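The residues making up each chain are set out below.
Number of protein chains: 4
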Amino acid sequence: MNKNRLEAFSDGMLAIIITIMVLEIKMPHGHELKDLLLVLPAFFCYVQSFWFIGVYWNNHHHLLHTVKKVNGKIMVLNMLLLFFLSLVPIATNWVSETEFAPVPVAVYAVVLLTCGLGWTALQNFIEKESDWTPPIKKAMDRQTRKGWISVVLYGAGIPFAFYNPFISEALFVLVAVMWLLPDKNIEKAFSQDRD
Amino acid sequence: MNKNRLEAFSDGMLAIIITIMVLEIKMPHGHELKDLLLVLPAFFCYVQSFWFIGVYWNNHHHLLHTVKKVNGKIMVLNMLLLFFLSLVPIATNWVSETEFAPVPVAVYAVVLLTCGLGWTALQNFIEKESDWTPPIKKAMDRQTRKGWISVVLYGAGIPFAFYNPFISEALFVLVAVMWLLPDKNIEKAFSQDRD
Amino acid sequence: MNKNRLEAFSDGMLAIIITIMVLEIKMPHGHELKDLLLVLPAFFCYVQSFWFIGVYWNNHHHLLHTVKKVNGKIMVLNMLLLFFLSLVPIATNWVSETEFAPVPVAVYAVVLLTCGLGWTALQNFIEKESDWTPPIKKAMDRQTRKGWISVVLYGAGIPFAFYNPFISEALFVLVAVMWLLPDKNIEKAFSQDRD
Amino acid sequence: MNKNRLEAFSDGMLAIIITIMVLEIKMPHGHELKDLLLVLPAFFCYVQSFWFIGVYWNNHHHLLHTVKKVNGKIMVLNMLLLFFLSLVPIATNWVSETEFAPVPVAVYAVVLLTCGLGWTALQNFIEKESDWTPPIKKAMDRQTRKGWISVVLYGAGIPFAFYNPFISEALFVLVAVMWLLPDKNIEKAFSQDRD
Chain V
5 MNKNRLEAFS DGMLAIIITI MVLEIKMPHG HELKDLLLVL PAFFCYVQSF
55 WFIGVYWNNH HHLLHTVKKV NGKIMVLNML LLFFLSLVPI ATNWVSETEF
105 APVPVAVYAV VLLTCGLGWT ALQNFIEKES DWTPPIKKAM DRQTRKGWIS
155 VVLYGAGIPF AFYNPFISEA LFVLVAVMWL LPDKNIEKAF SQDRD
Chain A
5 MNKNRLEAFS DGMLAIIITI MVLEIKMPHG HELKDLLLVL PAFFCYVQSF
55 WFIGVYWNNH HHLLHTVKKV NGKIMVLNML LLFFLSLVPI ATNWVSETEF
105 APVPVAVYAV VLLTCGLGWT ALQNFIEKES DWTPPIKKAM DRQTRKGWIS
155 VVLYGAGIPF AFYNPFISEA LFVLVAVMWL LPDKNIEKAF SQDRD
Chain Y
5 MNKNRLEAFS DGMLAIIITI MVLEIKMPHG HELKDLLLVL PAFFCYVQSF
55 WFIGVYWNNH HHLLHTVKKV NGKIMVLNML LLFFLSLVPI ATNWVSETEF
105 APVPVAVYAV VLLTCGLGWT ALQNFIEKES DWTPPIKKAM DRQTRKGWIS
155 VVLYGAGIPF AFYNPFISEA LFVLVAVMWL LPDKNIEKAF SQDRD
Chain D
5 MNKNRLEAFS DGMLAIIITI MVLEIKMPHG HELKDLLLVL PAFFCYVQSF
55 WFIGVYWNNH HHLLHTVKKV NGKIMVLNML LLFFLSLVPI ATNWVSETEF
105 APVPVAVYAV VLLTCGLGWT ALQNFIEKES DWTPPIKKAM DRQTRKGWIS
155 VVLYGAGIPF AFYNPFISEA LFVLVAVMWL LPDKNIEKAF SQDRD
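Residue numbers (this note's numbering), protein chains in the order written: chain V, 5 to 199; chain A, 5 to 199; chain Y, 5 to 199; chain D, 5 to 199.
Think of the hints as simulated: they come from the structure by calculation, not from any bench. One or more hints might be untrue.
Any copy, or any two copies together, can satisfy a pair, since identical chains are not distinguished.
[Said to hold, decoys possible] With a straight-line Cα cutoff of 27 Å, these simulated DSS-like cross-link-like pairs (lysine-lysine) come out:
{"#": "1", "residue 1": "Lys30", "residue 2": "Lys73"}
{"#": "2", "residue 1": "Lys150", "residue 2": "Lys7"}
{"#": "3", "residue 1": "Lys150", "residue 2": "Lys72"}
All figures in this text were calculated on a predicted structure; none of them were measured in a lab.
Here chain V stands alone, though its shape is the one from the complex:
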């Protein structure tokens, strides 16, 4: 029951974060096709951030599935992660408003980095508290590895933003692609666990 409310609250916040972000896409100023084209770069930012939040929701879903007992520290770490994720829409907005200026892109990278670190902290803590079966452990380790690669690529996005923001953007796209296909091994591990 405990866990259900934590999941429900996290789902609520993630649903709001992801939806509000899309709602903040600025409408084109005129009513011509060229006005629409002008908002396309901004649109790209939103698609990317939508995808990142969606991936976090998906992984959060799997991770909390392995939790047996929620305690205060999990709540605090989860709240911290949600806080970092809640900064994604403003950072996205800033990037799209300034059309990929160096500082906003670097700040976007910092926000993604804090999300990545917040996630890793939550996952590590839950791992210590839970008795994962070997297949889940193995699947989660793959997740951890992907998590660290993401953190490194987000981190690299910070200095590159000042050299050329589009290199940073390319790195973010790389992370997004890496998480594109849902990990079949996790699902297999979970269904083995249920059997």
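Chain V is already provided as a structure; the job is to place chains A, Y and D on it using the hints.
Frame of chain V, contents of chains A, Y and D only:
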């Protein structure tokens, strides 16, 4: 449990999309009756989009009811559908702000079209994964047919918008009316299934 | 399960409606005490609407408790009620922005009236579909009576707004007070029902 | 079931309050690092309010866990608490927009004070209605004590705001720190209760 969170997250996003849309109806600028009349066309757009999202919620409710096991692909297809649906409020806003200009109406038709296609993809995938009983299969097939008619009418709305946006609007109203009455056959199929 | 999703979706929309309304209270323009006093009439509007939505949520909670089987018509009527309720924040906003001008107050009365009628329609339909025990029937009849008194007072608020908007406001406060104390009889009826 | 909907609705409102607050952080006006520094004081306000709402959510979670039967008075008191909490984002906004001017900071203190009092009222009422086991009673008494200390510090923040708003801010930070570590005793009490 798995499925519950998917339903809860989808419900959360749909509730936000539908509510925010209505909240974005611009207030009349003055405080006279004629100021109120000026916002009526915009109001019409919102009622229409509210209805479309409501129908999707209703169908989503039935469709997920038939799912036994959620997997990663269902999650991705569901997220994709939610993404397309989340674009409805901005498109609605653009149509209402420009008072049914051709390009915004065409873009609105495109957004509805992607929603319709996203829906069809999700339904087809779920059909392949699930063992639907013959009555559910039959009811769902009727849904699919209505879905394809909608897609064709939305698609026709795109070129017509450049000829006369009100023809496109008439097509959208046609789709809305087609979905107006909840399909009794589906409910019958589901209650037979439960027995 | 069916019913849970209907409740969850309604709760989601009501939570968003009620929260967004409060969030739209305009901040004072300066940072003096007198700037704060200027927003007090607006604040009063919001408190009132917050209370109305809160009462609807409470009654909705009781009403859906009596539903055994959700069908398509209940969904449509519920969606209609939610649509009317979703108009409360804009109407509230218009009243508070124009400082209780006649037309906005009359429109606010119309919105409250449609909510009241939407509610009555939903309750009557559910009554016909369900087998209410006599104590629940009796408690619900009291609700119905209060509902009709509200509808009459809202209705009276429309013409009075053009004579003196504050008479309309007084009528709305009367309705709010009438619903102020949660009906003990309903709770008693429900607990008798459970025993 | 009754209780589940109350929790779900409260979670929904708290999730919206906390998320919208963060979304309202103003984007920097330019795209330089110094533009980012200018929004840092505002950012601090939001972090603080995020934390306060997060603590309320956490405590609400524990408190409702002890409730056996939801009645109308609990609903009204809960709604009142949610109303006060829903004022936190506007107060936060006003403080951050006026850069810690005396009146806004005092109003922020008043809002926090009403939240604290609303909380205490809810907790006291639930205590009277429920049969708490001695360990839960003891843990809750510690909560109550912390609650009253918070109320006193918020109260002190009102006059101090007119002398020096940063003293008030320091008092708020003190309260935040006091609630920083989740109370292990509560968790212990609850798990003893379950055994």
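So, going through the hints one by one against the coordinates:
| no. | hint | verdict |
| --- | --- | --- |
| 1 | Lys30 with Lys73 | neither (43 Å within a copy, 38 Å between copies) |
| 2 | Lys150 with Lys7 | both (26 Å within a copy, 25 Å between copies) |
| 3 | Lys150 with Lys72 | within (24 Å within a copy, 29 Å between copies) |
Violation of the numbered hints given earlier is confined to hint 1; every other hint is satisfied by the structure.
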